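K.L.:
Here is how the chains run, residue by residue.
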Amino acid sequence: MIAPRPYALLAEITYRCPLHCPYCSNPVAVLSGDLEGGAPVTPRDTGSQELAPPYKAELTTHEWKRVIHEAAALGVLQIGFSGGEPLARRDLAELVRAAREAKLYTNLITSGIGLDDDRVRALRDANLDSVQLSFQSNDADLADEIAGAIAHQRKLDAAAKIRAAGIPLSLNFVIHRRNIDRLPKMIELSETLGAERVELANVQFYGWAFLNRAALLPTREQVVRAREIAIAAKERLADKIDIFYVLPDYYETRPKPCLNGWGQRYLTVNPIGDVLPCPTASSAIPDLRFENVRERALDWIWRESESFNCFRGTEWMPEPCRSCPQKEIDFGGCRCQAALLTGNAANTDPVCTLSPNRARVDAVLRDLNSASDHGRHWTYRINPTVTSLDRSIVTASVRE
Amino acid sequence: MHTTTISDAAQPRLAKGVRLQNDSATGKSVLLFPEGIIELNETAHEILARCDGRTLKEIVRVLAEEYDSDVAALAADVRETLADLHQRKLIELT
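These protein sequence lines are chains A and B, in that order.
Once you know that position 285 of the first sequence is 285 in our numbering, the rest is easy, because the numbers rise by one and skip nothing.
Once you know that position 75 of the second sequence is 75 in our numbering, the rest is easy, because the numbers rise by one and skip nothing.
FYI, nobody ran anything at the bench for these hints, they're computed from the structure.
Remember, predicted model here, so these are calculated numbers, not experimental data.
The reader is advised that the hints may include incorrect statements.
Label-pair restraints from in silico Cβ distances [stated by the list, open to error]:
no.: 1; chain 1: B; residue 1: Ile37; chain 2: A; residue 2: Arg90; range: 51 to 61 Å
no.: 2; chain 1: A; residue 1: His62; chain 2: B; residue 2: Thr55; range: 42 to 52 Å
no.: 3; chain 1: A; residue 1: Arg322; chain 2: B; residue 2: Asp70; range: 49 to 59 Å
no.: 4; chain 1: B; residue 1: Glu65; chain 2: A; residue 2: Ala140; range: 53 to 63 Å
Idealized CB from N, CA, C, for every residue including glycine.
Chain A with its partners taken away, still in its complex shape (with noise of 0.2 Å):
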């Protein structure tokens, strides 16, 4: 298999957040142990999957700069800054600077929280090309309510500031079944922000948002009723604003062309090092072994490593994929949803009506629409302070 070249490069500089969503898609067994200050680093125990990971420290901004350039050499044309929260790191700017003189563009992935004027200052200084900012809802108390923190009012601020500094803005809001129905305000916001662009962008069922999904998915009738509304705001507001729809998966028929195909343009690196195909696999497909960027040099994982090529291209498929005319459209859907539903991340992703598996996400679209009374209770994200998290126990409830 001849590795394609990458287009673009998460770079997940960090897993700390001051918000606690319950739809994250971080992992949820998160990594614990030494965080921003570059500890001494252990070699990974690759061993065990039953021992909680060592979550090395995060990678220093050296460690950073190199992974920018090398993934730059490797053909990288984007670079996107995520975490958890990126501001959370103080040398973002200095990393955005770098992505810059290394050709890339840059956009930072971030909740607002921690953007003061300086900050602001200096990533417009480091020429950020553009800022994606997530929303939780349109208005404060479910926003706050969902965020579990108090975050609404300092993001309406950090928009404003964005703006000020004449940085292109991206709103992201994050749709489920608790604010699905705010649709229309949602849009009316994007229109007072002054937004480019925004996604109207439905919860996937990874990470937190998999273990929350009772809480989470909406149902139907919300789902139909929010395609039209975004329909119409696309329409109405074409000369204004770019608007993104996703729909929630679990209500297609056909799944999504997840990363247009493992290992063919997107990379991901995550706080500690990994390189990861895709950003929830870490958590998705436990017995995958991800190489890390301190050990390998990212051209030799993006290319030789197993982790990306085990599902790249076509010959890894099963039936019915592996026949189907669908198959370079779709590339079998999405392998984290393949083995959080059937446990095996090579088969059909089950949202495929084709695949025997089908019957999983029907049972759950169904128990959820037949509902009378919907579970509000969800858990929120744990911040990765905490030193003892017990992986086997969190994995177990996450499977149902």
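Use these hints to put chain B onto chain A, whose structure you have.
P.N.:
What follows is chain B alone, placed relative to chain A:
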């Protein structure tokens, strides 16, 4: 989507947040923008490289001179390319 007819006096510029760059992996020209990359053909590149405040009329005149081609035919090509980019919100017209 609305299709725009671009006037001679219009000044096309890259939209906010859009960058024109050489892709060293292929030697081709690309447009980079939030969550997106477009590889440009030679024509689009030559046009966009001149979207620096000049009017459409001026861009056509310069290109016709450099490529020794017919102004009317070239103007149609330039308009079509720019209209496509405008519809994708990759250029602004002032």
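K.L.:
Compare the structure with the hints numbered earlier in the document and write down the numbers of the violated ones, lowest to highest.
P.N.:
Going through the list in order, the structure violates hint 1 alone and respects the others.
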